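Q: Protein chains in written order, with the numbering used here: chain A, 1 to 377; chain B, 1 to 377.
What the hints contain is simulated information worked out from the structure, not anything from laboratory work. Honestly, I wouldn't trust all of these hints.
It does not matter which identical chain is meant; a pair holds if it fits inside one copy or across any two.
Here are the computed lysine to aspartate or glutamate pairs in the EDC-like style, where the Cα-Cα straight-line distance is at most 20 Å [stated by the list, open to error]:
(1) K72 - D250
(2) K272 - D91
(3) K56 - E332
(4) K349 - E332
(5) K219 - D117
(6) K72 - E248
No experiment lies behind these values; they were computed from the predicted model shown.
Protein chains: 2
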Amino acid sequence: MSNVVISGTGLLTPPHVVTNKELVQAYNDYADAYNAVNSEAINSGKKDILNHSSCKFIEKASGIKQRYVMIKEGILDIDRMMPLVPRRPDDGLSITAEMSIAAAREALKQANKLPEDIDLVIYGASTSERPWPAVAVEIQQELGCGGYAFDMTVACSTGTFGISTAVDAILSGTATCALIVNPEYASPQINYRDRDSHFIFGDVATACIVEKEQTCSGKNVFQISGRKLETHFSNNIRTNNGYLTRAEPDLTFERFFEQDQFFIQHGRQVFKELLPLICSHVKNQLNKYDLNIGQIRRLWLHQANINMNMFVARNLLGRDPEFLDAPVVLNEYANTASAGSIIAFHKYKDDFISGEKGILCSFGAGYSIGSLILEKL
Amino acid sequence: MSNVVISGTGLLTPPHVVTNKELVQAYNDYADAYNAVNSEAINSGKKDILNHSSCKFIEKASGIKQRYVMIKEGILDIDRMMPLVPRRPDDGLSITAEMSIAAAREALKQANKLPEDIDLVIYGASTSERPWPAVAVEIQQELGCGGYAFDMTVACSTGTFGISTAVDAILSGTATCALIVNPEYASPQINYRDRDSHFIFGDVATACIVEKEQTCSGKNVFQISGRKLETHFSNNIRTNNGYLTRAEPDLTFERFFEQDQFFIQHGRQVFKELLPLICSHVKNQLNKYDLNIGQIRRLWLHQANINMNMFVARNLLGRDPEFLDAPVVLNEYANTASAGSIIAFHKYKDDFISGEKGILCSFGAGYSIGSLILEKL
Numbered sequence: 001m002s003n004v005v006i007s008g009t010g011l012l013t014p015p016h017v018v019t020n021k022e023l024v025q026a027y028n029d030y031a032d033a034y035n036a037v038n039s040e041a042i043n044s045g046k047k048d049i050l051n052h053s054s055c056k057f058i059e060k061a062s063g064i065k066q067r068y069v070m071i072k073e074g075i076l077d078i079d080r081m082m083p084l085v086p087r088r089p090d091d092g093l094s095i096t097a098e099m100s101i102a103a104a105r106e107a108l109k110q111a112n113k114l115p116e117d118i119d120l121v122i123y124g125a126s127t128s129e130r131p132w133p134a135v136a137v138e139i140q141q142e143l144g145c146g147g148y149a150f151d152m153t154v155a156c157s158t159g160t161f162g163i164s165t166a167v168d169a170i171l172s173g174t175a176t177c178a179l180i181v182n183p184e185y186a187s188p189q190i191n192y193r194d195r196d197s198h199f200i201f202g203d204v205a206t207a208c209i210v211e212k213e214q215t216c217s218g219k220n221v222f223q224i225s226g227r228k229l230e231t232h233f234s235n236n237i238r239t240n241n242g243y244l245t246r247a248e249p250d251l252t253f254e255r256f257f258e259q260d261q262f263f264i265q266h267g268r269q270v271f272k273e274l275l276p277l278i279c280s281h282v283k284n285q286l287n288k289y290d291l292n293i294g295q296i297r298r299l300w301l302h303q304a305n306i307n308m309n310m311f312v313a314r315n316l317l318g319r320d321p322e323f324l325d326a327p328v329v330l331n332e333y334a335n336t337a338s339a340g341s342i343i344a345f346h347k348y349k350d351d352f353i354s355g356e357k358g359i360l361c362s363f364g365a366g367y368s369i370g371s372l373i374l375e376k377l
Numbered sequence: 001m002s003n004v005v006i007s008g009t010g011l012l013t014p015p016h017v018v019t020n021k022e023l024v025q026a027y028n029d030y031a032d033a034y035n036a037v038n039s040e041a042i043n044s045g046k047k048d049i050l051n052h053s054s055c056k057f058i059e060k061a062s063g064i065k066q067r068y069v070m071i072k073e074g075i076l077d078i079d080r081m082m083p084l085v086p087r088r089p090d091d092g093l094s095i096t097a098e099m100s101i102a103a104a105r106e107a108l109k110q111a112n113k114l115p116e117d118i119d120l121v122i123y124g125a126s127t128s129e130r131p132w133p134a135v136a137v138e139i140q141q142e143l144g145c146g147g148y149a150f151d152m153t154v155a156c157s158t159g160t161f162g163i164s165t166a167v168d169a170i171l172s173g174t175a176t177c178a179l180i181v182n183p184e185y186a187s188p189q190i191n192y193r194d195r196d197s198h199f200i201f202g203d204v205a206t207a208c209i210v211e212k213e214q215t216c217s218g219k220n221v222f223q224i225s226g227r228k229l230e231t232h233f234s235n236n237i238r239t240n241n242g243y244l245t246r247a248e249p250d251l252t253f254e255r256f257f258e259q260d261q262f263f264i265q266h267g268r269q270v271f272k273e274l275l276p277l278i279c280s281h282v283k284n285q286l287n288k289y290d291l292n293i294g295q296i297r298r299l300w301l302h303q304a305n306i307n308m309n310m311f312v313a314r315n316l317l318g319r320d321p322e323f324l325d326a327p328v329v330l331n332e333y334a335n336t337a338s339a340g341s342i343i344a345f346h347k348y349k350d351d352f353i354s355g356e357k358g359i360l361c362s363f364g365a366g367y368s369i370g371s372l373i374l375e376k377l
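Bound conformation, chain A alone (with noise of 0.2 Å):
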């Protein structure tokens, strides 16, 4: 048992909303026109007709109703179907540093820290804004933070193996206070012209203090009473996007726009494939530290899509979960990959009481699973 705990959360909101029901209008405004300009490819057999989406799908399939995002301009206009997205000047502020730096000081204000506090900020998102320098030192330099940064990922799990990351620093003496922050500047990332995969996720920023007990004076504070992080190798969530797309052979301008250069899931075998690992990795978890689930308050899961998260929920409580069992925010943010499971915990820890424990458990590509053990101080 260790005695770091979490004493401070944060989420950056970004400041436009997309709907489903604009994202659909798009979309098949979108289809409408490939299908018109194409229809001689189509008709031969040549190409695929592109079928409609829509919001009923959309909501069964993943429980998604809207999702947020920091620049809308651009994403539902079907010459485009990409946000438009500024070049900001090299001694300009980065953009997920700017997401990051939002969601960090309400964290640190939770925790009742100074930047100067901060020794350690860790920067995770599924997708880094740029090589080097790390994004983390921009952040630690802009909010004033001492000691040392660094940038790290393993997609959706990036939240929990983060701050696991952090404890390690703070248990051995590396850090005393740490700041890890989870920009996911997803938009960008999402091509908006593929039915499959438009509407799945969402911008957001978390952001979590992480210290030793004898330093903090928060008011809202967890200890992370158990950590445990997974790893097994999957193709089936994947991104091809990368600096060496540039030096392949018979390059074209239309091959950075290929579906491989985004976001690229065999939806079917995840769920056949990690489900289960999740499933066992919790209870192995709970069996580790001699406790069962009814021990357990509240799951902060990943924000994957509503039927992961009911299969994960149900399969750990043996019934179906209440709202507050696993809370969901799927609905209004979508899949906000390492930050889904860290928003959950950020609004629905409070009504927590002394000695209640509740479980943040984060999965995705990788195949990547960390969960934590939190309890209440």
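Using the hints, position chain B against chain A.
A: Showing chain B alone in chain A's frame:
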């Protein structure tokens, strides 16, 4: 004082050499062709003439005589100036995983470990091959390791930061034996059309095994008896390569090949700002552990360029260094980012006798500085 050790190291030296002579010839041919095509614009002052590069300039500025590359085809082709990197199928092994695994096998052998002894894999590269699934998880599976894996980066310091992060995990009990790989597949991220930077980087991969002294059975083992990491933000070493470029307004194919999509460096400012930070970093560390530089047999420094390396060595030693005081591999490998200091350690550690100490020190973009005091057991 920790009882965690580096029990093995490995190095993958890529199969192809590019000499300065070859590189300069290709650059000069490219410049001549560019100047001929653009002669009118150059004469009217609308474009700058491209000056020739030279082997003498490169060697004086950097100490580099050659570099290794994974794929040579395309680099010297003046119509391409970019390695020709075939796209690998998703179910094939990724190129940086392949590089990492070759280095890892040597490190495992040296440490007398089997892949199944490893329960943490950290992939640390300046530029990662893709965002997800994390390449570390692919390496974990391909080798047959257990536990968990993730990718991290803080540019040229990822080697020492990666080792330190593994030490944290081992000290806190999250892992027992870690593999840290630093695959630097730099050549596709170099603008071979840029006279200022075309010669700087080479491809390489290194690997380290980190575990507790109690579990280790290797023969050439170094205790990690001191660690110090720090970061300070700077844009003086930067790239804007990333997924946001594709979302910029008025995007053209050419945009993907502009200088900021490769490597940008304001060398003089880096020299002026970073060198004092490095020197005081190491001096403070020695003070903290009550050591003087006379007790340090060797400096395994980041291989930035010969002038930076000599400045740091001279400043710390208070005299001109002998080769084995601060071994340089720049002449053979060029700058290899996070792998540079690890190559120096890998190649120049076998002559140490029990009780002798050295400092493994990385520095670079971020700015980031990491140093480890290593003592031969």
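Q: Within, between, both or neither: how does the pair K72, D250 come out at a Cα-Cα threshold of 20 Å?
A: Classified as between; 17 Å across copies, 33 Å inside a copy.
Q: At most 20 Å between C-alpha atoms: does K349 with E332 qualify within a copy, between copies, both, or neither?
A: within (18 Å within a copy, 56 Å between copies)
Q: Between K72 and E248, at a C-alpha cutoff of 20 Å, which is it: within one copy, between copies, both, or neither?
A: between (32 Å within a copy, 13 Å between copies)
Q: 20 Å Cα cut-off: does K272 pair with D91 within a copy, between copies, both or neither?
A: between (46 Å within a copy, 19 Å between copies)
Q: Pop the pair K56 and E332 into one bin, within, between, both or neither, using alpha-carbon distances up to 20 Å.
A: within (16 Å within a copy, 61 Å between copies)
Q: For the identical chains here, do K219 and D117 meet the 20 Å Cα criterion within one copy, between copies, both, or neither?
A: Answer is within: at 17 Å inside a copy they meet the 20 Å cutoff, but 42 Å across does not.
No hint from the list above goes unmet by this structure.
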